[in-house]
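These protein sequence lines map, in sequence, to chains H and G. Residue numbering for the first sequence follows numbering that gives the first Met the number 0, beginning at 0 and increasing consecutively. Residue numbering for the second sequence follows numbering that gives the first Met the number 0, beginning at 0 and increasing consecutively.
These are computed hints drawn from the structure, not numbers from a lab. Every residue, glycine too, gets a C-beta built ideally from N, C-alpha and C. Careful, some of the hints might be misleading.
Quick list of in silico lysine-lysine cross-link-like pairs, DSS-like style, CA-CA up to 30 Å [what the hints assert, rightly or not]:
id	chain 1	residue 1	chain 2	residue 2
1	H	Lys198	H	Lys577
2	H	Lys385	H	Lys103
3	G	Lys90	H	Lys191
4	H	Lys191	H	Lys577
5	G	Lys3	H	Lys251
6	H	Lys188	H	Lys558
7	G	Lys145	H	Lys212
8	H	Lys92	G	Lys90
9	H	Lys337	H	Lys363
10	G	Lys142	H	Lys198
11	H	Lys616	G	Lys142
12	H	Lys337	H	Lys458
13	H	Lys619	G	Lys142
14	H	Lys616	G	Lys145
15	H	Lys251	H	Lys238
16	G	Lys3	H	Lys577
17	H	Lys198	G	Lys90
Which residues of chain H face chain G? A few of them, derived with a C-beta cut under 10 Å, are [stated by the list, open to error]:
id	residue
18	Glu69
19	Gln202
20	Trp279
21	Leu674
Here is what each chain is made of, one letter per residue.
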Amino acid sequence: MDARMIDRVPTDLSRRLFLRAGAAAGGGLLLSFGLPGLGRAADETLGGPFEAFVRIAPDGLVTIAAKRPEIGQGIKTSMPMLIAEELDVDWAKVRIEQSPIDAKVFGEQSAGGSTSTPDDWEPMRQVGATGRAMLIAAAAQRWKVPAVGLTTEPGFVVDRAGGRRASYAELAQAAAALPAPDPKTLVLKDPKTYRIIGKAQRQSDTPAIVEGKPLYGIDVRVPGMLYATFLKAPVFAAKVAKVDLAPAKAVKGVRHAFVVDGGSELEGLLGGVVVVADTWWAARKGRNALEVTWAEHPTSAQGSASFAAKAAELHGQPPHRNVRTVGDPKAALAGAAKVVQADYSYPFNAHATLEPQNCTASFKDGKVEIWAPAQNPEDGRELVAKTLGIKPEDITIHFTRSGGGFGRRLMNDFMVEAAWISKVVGAPVKLLWTREDDMQHDFYRPAGWHRLSAGLDAKGEVVAWRNHFVSFGEGERFVRAAGMNATQFPYGAVPNYALDVSVMPLGVPTGWLRAPGNNAYGFVLQGFTDEVAHAAGEDPVAFRRRLLGEPRLIGEPGKGDSFHTGRMRGVLDLVAEKSGWGRALPKGVGLGVACHYSHRGYVAVVMEVAVSEGQVKVRKAWAAVDVGSQIVNPNGAEQQVQGSVLDGIGSTLGQAITIENGAVTQSNFGDFPLLRLADAPEVEVHFRITDNPPTGLGEPALPPSPAALVNAIFAATGKRIRSLPIGDQLA
Amino acid sequence: MTVKLTVNSQVHDVDAEPDTPLLWVLRDLLGMVGTKYGCGVAQCGACTVHLDGTPVRSCVTSLSRAASRQVTTIEGVGADPVGARVQEAWKAVDVPQCGYCQAGQIMSATALLHAAPRPTDEEIDAAMNGNLCRCATYLRIRKAIKAASGQVEA
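Generate coordinates for the entire structure from the input sequences, incorporating the hints supplied.
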């Protein structure tokens with residue numbers, strides 16, 4: 000079970016931080032968090048680089064730090080919006096900077112699990128409100144009036160009774176000398192008065208992106224830097240048996256070529272051959288000149304075909320273990336008026352971030368400085384420290400913008416490789432993977448196989464639901480991202496329920512891919528739900544409404560895996576209305592629906608598809624989304640929902656990673672197709688605002704998308720897709 | 000060997016083998032990193048630049064082929080009024096998510112608008128289908144092209 004990604008309860012470091020203020024070097028106000036008991040004096044902490052959330056300079060410039068990595072999810076804009084709103088400044092005049100990596104000041108700095116919005120929603124607004132309260136207090140001192148009589152307008156403290164105002168710039172110096180107020184005394188704004196939150200704001204890096212400015216990890220340049228390429232074994236963790244390095248060294252520009260012995264842990268430094276040169280192209284030419292003989296490896300016999308055969312065998316046997324049972328599903332199935340059974344499966348899948356994995360590192364005198372497009376740099380720090388035998392505090396990591404994340408950069412293999420290479424060659428090094436390296440050395444979404452059974456009584460009520468899930472692992476342990484939580488709907492909505500599991504061993508690296516687990520379960524569970532609806536002779540939307548039943552919470556309040564049937568009903572009704580569910584359609588055209596809960600978000604999707612001569616064309620998609628009481632940045636929210644729905648279409652149509660002889664067979668976009676512009680339908684996005692804490696949007700709109708697509712194909716053709724990708728199954 | 004290469008109207012002396020892909024000359028030798036590496040085999044379009052105004056994939060375009068032509072990159076496309084209009088539309092529509100592919104998208108879109116000042120959906124499909132976007136910003140790409148060509152409001 001990947002608790003962090005799926006069942007995550009926010010026990011975030013930032014909850015244990017307290018706010019503090021200090022004077023900026025050169026004057027002005029700095030606001031930061033601090034960990035109680037660390038005992039760093041404020042001036043020591045705050046005198047260096049921009050180690051704070053807010054800086055109000057004496058010239059009036061307001062700089063706000065974005066503390067989490069930007070991977071395309073819009074966090075570099077939306078979280079500073081929270082601070083700016085409560086600070087009450089003019090958004091157009093705010094400058095946003097990516098913060099340094101320092102957990103002692105910034106708390107949690109990862110990007111994963113759609114957790115940034117729920118975790119930061121309150122603390123970031125408190126940062127802003129603290130600043131505002133201190134500026135008001137400074138004005139009250141200056142004017143010798145009670146603070147309660149003062150208010151703010153963007154960038155100014157205003158004394159309406161006294162008919163005067165003072166800019167934040169004028170007050171910043173005095174405010175910095177005041178103690179930070181107790182967060183419990185802060186009064187946050189009434190959302191009805193928001194000027195920034197809830198208004199569509201452009202992503203802060205857009206102008207720089209459009210002008211081709213250096214922003215990404217691959218763009219980093221360090222004086223004296225060399226370029227590296229790293230050829231790893233096609234079979235994961237296999238080692239070099241034999242190689243002649245001379246042909247690589249003979250290539251003009253090549254400075255170093257050496258063998259890395261590497262370890263056996265798939266997330267760490269693996270064996271292979273490194274070539275380092277004056278340019279990356281020279282390094283690659285050197286690499287191409289190598290002939291490497293790889294040592295035999297225990298996993299070199301594994302393959303997708305044998306995994307599938309083993310899964311079929313396991314489905315024919317009693318499950319290894321039961322994860323959860325409610326009632327007596329076996330008896331209920333035996334006594335059901337009708338039983339629906341189907342096998343669903345999905346392949347390994349890759350992240351395929353368009354920016355291939357890369358990292359720049361400079362190792363010198365036992366310390367290393369790293370520039371990384373990383374989603375979870377603190378884990379990287381540990382990995383580098385352990386592998387290089389240095390202290391974590393001797394590692395400095397800088398965030399860069401990431402050319403896509405999707406969970407790939409939660410792993411830090413590229414970071415440890417770059418640090419290792421820099422140490423060996425004694426110079427700063429930029430390691431860049433080829434696309435082929437990236438495709439063949441990912442941490443893949445695990446493949447999975449589900450045998451589903453549902454029992455209907457004579458009235459068409461679902462009386463039993465059983466899922467025998469075949470996955471990867473050993474004993475009680477799943478490999479990374481291969482576990483399934485027992486609380487996936489319709490858990491709690493059917494009287495007899497079982498999730499059983501069988502596992503087989505795996506020697507392929509696995510990891511979290513956008514909406515981990517759910518990106519597959521949404522397909523499986525909502526595809527099968529559609530089958531059960533048809534078996535019950537009922538319209539798929541009406542059937543889902545009935546299955547959801549009365550509005551109620553299934554599970555414990557506040558837990559990430561608790562599920563509110565009423566919220567799902569709300570988005571289901573909304574998407575049915577907006578898509579014109581039930582309207583007449585020509586032959587070969589169909590509407591499909593799916594709804595799925597993940598990452599605290601409730602999303603329902605309808606797709607309209609046309610199928611002709613074995614080709615499927617998605618004509619339009621509608622998404623209805625409930626992520627709580629407030630959409631922070633409607634611009635970014637629309638981007639995430641549209642992107643997630645389209646991501647689901649792309650993966651469903653054609654993406655699979657297959658293993659043969661222990662290695663990945665795909666190598667580039669020719670055999671791993673991404674969705675293209677001509678195949679991207681319009682995606683109409685509707686938000687349903689509900690009285691719940693705001694939650695994240697990087698992931699939850701993806702899981703319903705694949706099922707909406709295959710269910711629409713069924714409506715159009717009568718053909719049920721139970722195995723991904725669709726590929727040529729309609730031919 | 001030294002080759003004269005004209006990029007964004009500026010002539011550079013480049014010391015590289017003639018078969019070196021233009022992409023790596025731009026990025027590693029000239030320090031112009033706006034042009035991106037995505038696949039290395041002309042399958043993703045992230046490295047798109049113009050040679051004499053025609054979009055090409057710089058990852059498979061040799062230095063020797065580029066040397067006698069005018070190379071335009073994302074860093075210089077704004078000097079062309081059509082390119083500038085495309086960039087402005089990209090900002091107004093706020094196209095990027097991760098943004099990594101967008102330099103290539105803008106270069107392809109600019110070439111399209113030179114060839115077809117008011118492109119139809121089919122013309123947009125044909126011109127842009129070789130530019131992959133992993134974040135799938137395609138709806139906004141389409142909108143920004145229509146905005147840049149005056150067919151819709153940004």
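Can the restraint linking Lys90 of chain G and Lys191 of chain H be considered satisfied, given a maximum Cα separation of 30 Å?
holds (29 Å)
Lys3 of chain G and Lys577 of chain H: Cα distance at most 30 Å?
With a Cα-Cα distance of about 59 Å, the restraint between Lys3 of chain G and Lys577 of chain H is violated, given a limit of 30 Å.
What's the verdict on Lys198 of chain H and Lys90 of chain G, does the C-alpha distance respect the 30 Å limit or exceed it?
holds (17 Å)
Interface hint check: Leu674 of chain H, Cβ to nearest Cβ on chain G, cutoff 10 Å. Holds or violated?
holds (6 Å)
Do the alpha carbons of Lys3 of chain G and Lys251 of chain H lie within 30 Å of each other, as the hint requires?
holds (20 Å)
Identify whether the interface hint at Glu69 of chain H stands, where standing means a beta carbon of chain G within less than 10 Å of its own.
Cβ of Glu69 of chain H sits 8 Å from chain G, so the hint holds.
What's the verdict on Lys616 of chain H and Lys145 of chain G, does the C-alpha distance respect the 30 Å limit or exceed it?
holds (23 Å)
CA of Lys619 of chain H to CA of Lys142 of chain G, is that 30 Å or under?
The hint holds at about 16 Å.
Does the structure keep Lys385 of chain H and Lys103 of chain H at a Cα separation of 30 Å or less?
holds (21 Å)
Need the status of pair Lys142 of chain G, Lys198 of chain H: alpha-carbon distance at most 30 Å?
holds (20 Å)
Does Lys577 of chain H sit within 30 Å of Lys198 of chain H, going by the straight-line distance between their CA atoms?
Answer holds: Lys198 of chain H to Lys577 of chain H is near 23 Å, not above 30 Å.
Holds or violated: Lys337 of chain H and Lys458 of chain H, Cα atoms, limit 30 Å.
holds (10 Å)
Hints 9 and 16 from the earlier list are contradicted by this structure; the remaining hints agree with it.
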